[in-house]
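> Residue numbers (this note's numbering), protein chains in the order written: chain A, 50 to 264; chain B, 50 to 264; chain C, 50 to 264; chain D, 50 to 264.
These aren't lab readings, by the way, just hints derived from the structure by calculation. All of these numbers come straight from a predicted model, not from anything done at the bench. Take the hints with a grain of salt, since some may be wrong.
Note: identical chains are not told apart, hence a pair may lie in one copy or across any two.
As the list claims (entries may be wrong) - In silico BS3-like links for lysine-lysine, alpha-carbon gap of 27 Å or less:
id: 1; residue 1: 200; residue 2: 132
id: 2; residue 1: 212; residue 2: 200
id: 3; residue 1: 76; residue 2: 51
id: 4; residue 1: 148; residue 2: 229
id: 5; residue 1: 229; residue 2: 51
id: 6; residue 1: 207; residue 2: 76
4 protein chains.
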Amino acid sequence: MKYARPLPAYLTTRYRGWKATTYAEDKAWYRRLAEDGQHPRAMVISCCDSRVHVTSIFGADQGEFFIHRNIANLVPPYSPDGKNHGTSATIEYAVGTLKVAHLIVLGHSGCGGVEGCYHMCSGNAPELEDSSSFVGRWMDILRPGFELLPKGDEAMRKRALEKASVVISLENLMSFPFVKQAVEDGVLSLHGLWNDIGEGGLEAYSPDTQGFVAV
Amino acid sequence: MKYARPLPAYLTTRYRGWKATTYAEDKAWYRRLAEDGQHPRAMVISCCDSRVHVTSIFGADQGEFFIHRNIANLVPPYSPDGKNHGTSATIEYAVGTLKVAHLIVLGHSGCGGVEGCYHMCSGNAPELEDSSSFVGRWMDILRPGFELLPKGDEAMRKRALEKASVVISLENLMSFPFVKQAVEDGVLSLHGLWNDIGEGGLEAYSPDTQGFVAV
Amino acid sequence: MKYARPLPAYLTTRYRGWKATTYAEDKAWYRRLAEDGQHPRAMVISCCDSRVHVTSIFGADQGEFFIHRNIANLVPPYSPDGKNHGTSATIEYAVGTLKVAHLIVLGHSGCGGVEGCYHMCSGNAPELEDSSSFVGRWMDILRPGFELLPKGDEAMRKRALEKASVVISLENLMSFPFVKQAVEDGVLSLHGLWNDIGEGGLEAYSPDTQGFVAV
Amino acid sequence: MKYARPLPAYLTTRYRGWKATTYAEDKAWYRRLAEDGQHPRAMVISCCDSRVHVTSIFGADQGEFFIHRNIANLVPPYSPDGKNHGTSATIEYAVGTLKVAHLIVLGHSGCGGVEGCYHMCSGNAPELEDSSSFVGRWMDILRPGFELLPKGDEAMRKRALEKASVVISLENLMSFPFVKQAVEDGVLSLHGLWNDIGEGGLEAYSPDTQGFVAV
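One chain only, chain A, in its complex shape (with noise of 0.2 Å):
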């Protein structure tokens, strides 16, 4: 593989910073999560977004949550095709061999991954509907959610659509026969947030009201 390259500069210091402190403070804890392995409480959904970092707003330690990050926070459908797929994996991993006891979602604001999609969905990205874009074939995930948008602005809508995000990935994830199963057994509960970037805000979702609160 000749096309790698050596770690930037400021990577390698700040490791050995992190080596020299972070990790030295805490060694037994490293070394008995090496040798007892993971045994996360819960996973979590989240988007690749640089801004979103779900073990700070949690204050989570190495080992407790299992963290999945794609665009957008979706989950696809179960569909067992014997091809690759990334996301369902790791479900199918967390739930039935570590048996997390949770499984969240975690939406945010300003998501690149909706808004691209809202604007194929609005006719104003062709280059998304092309059937090589992996973006835009990731985004099909979230399209039912376009078509159930409430009338009204932009800006409103485009939030709707995080929102939606959430709840698809839900719906998706109760069609794995073992998200159900372990869900119906007691054993696994669902949670789906939205995370306000800018305000530090959380809301989550609510089957009561079928709407997100702040939490």
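Assemble chains B, C and D onto chain A, guided by the hints.
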């Protein structure tokens, strides 16, 4: 979506603490992030494993790394077939839209996905060979790495396979035309890393030795 | 400009080494910086002193900090009189155009400018009182700090004056209408630091105690 | 000063890493620097731009360069009027007190201050002509450079103005009697440089050709 449940109390408590401290003290930065959008300098592809915190190792603040996490930090080969490809979508977005300068694949010790692959390829995990096994089909990406493992004891061979997951992902990245073009144009550089969780170690792939060396 | 001379050989040599290593290894990032322009997260006002390297202390890469350096890290009071005000221009650009989220004033131990001010205000440096002394007139900004020094030995009083240079600069920053507005709008936060060079110490100004505490 | 805020957590973390590695490994040198005071070999006047790290380009250790950074690396003409002149104070201190042997003015590509000057002088940035614009009044120093620009396309003319900011600063330096005296006594040499950020290039002003040539 009637199955969603309220957030566990300990997470609500921690979130409220974060909002009153970390967020409150750094509100200006969160608002800037919300208004300006993200300008991450690097994309990181790491494992979902709860013990791997790339932002901690590299002292990264919100906004620095666009992070995709999947089982065993794998990148599948380029395959524009119009289907949902979550990992490929993240790469397309990071390279094409965000124009990150660095793309880092980060493997780690004790990877459960890699171990599953090892047992599957050794004939000891028939359940993973099933066409309906999402984990098995996802780990197929790493199968070529198993064929090339050196002889030796199991622990050594598993570790070699963890590192192969990094190298194969780097090779598959180069099969994406837009990644190859960006690398050749000198606007994107690829990096392969492997983190020893228990020892806090970090090794980087070196094309010169075709092996990993301590950072 | 006939007085310019060739660069000393040792600097040419070092530059060529940097180009062949640091730059070559990180070319993608330099190109990204050139194409995208800068998006620094913070502005730092520090002293010109050759011993103060804020990028080193904070593991900062190119692009992270917009840095103004002057004698004794001073900010003069707001004075829009149509004259050249280099420091005021940097603040206007950072807050108004770059919209940085943090503005950090960084003082340090053994500051020669502060020491000059101390002697000037003590009546022991008449040459600095001369109207043609640029250093003296610049250090006039810190004069109010001298008046408020506690009684005690000289070393303690000089150190207190170094810290006063940070606090007075923060106060003068608030005299700029656009700084005050941004702070009150919650999109800019101010921070005061003092670096002990010999001990590698870092202290932060705390409004609660109106003093400096170790970070 | 009630507006000061705690340091963002990521900076505290990085500082602690620096203290435990870079500082700890080189403590003797930091203590020597603190006890002996600074003896820099050169003064550098560079831009505040976050992408310009003169210590990186020249592999400089703590203690080597006395660094003044302002918008567009400008030196105003000598003007001993008893007012605060931050840049003039830095020059007086470096030449008169520290007795540096070299004085380097370092310009760079993509300079936002120079671009603002270009637009202001072209009549396209009336807000910068306002007497209360600190950036505009600071960039007045470069105005004579605009008048002498060659005809041609805008990109070429902006680059020429960036280089003019170096030459005009060198000329203004010679208007300071103590600079002129030191140069003529052969104890100070002046150098003009321009850094191409994206390409890692460095060009030096040559009095022979009255132009810039690659180092």
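> Give a verdict on every hint.
These are the hints, each one checked on the structure:
1. 200 x 132: Classified as neither; 38 Å inside a copy, 30 Å across copies.
2. 212 x 200: Intra 15 Å, inter 51 Å, cutoff 27 Å: intra-copy only.
3. 76 x 51: Classified as between: cross-chain Cα gap 17 Å, same-chain 34 Å, threshold 27 Å.
4. 148 x 229: within (13 Å within a copy, 35 Å between copies)
5. 229 x 51: between (45 Å within a copy, 12 Å between copies)
6. 207 x 76: between (45 Å within a copy, 23 Å between copies)
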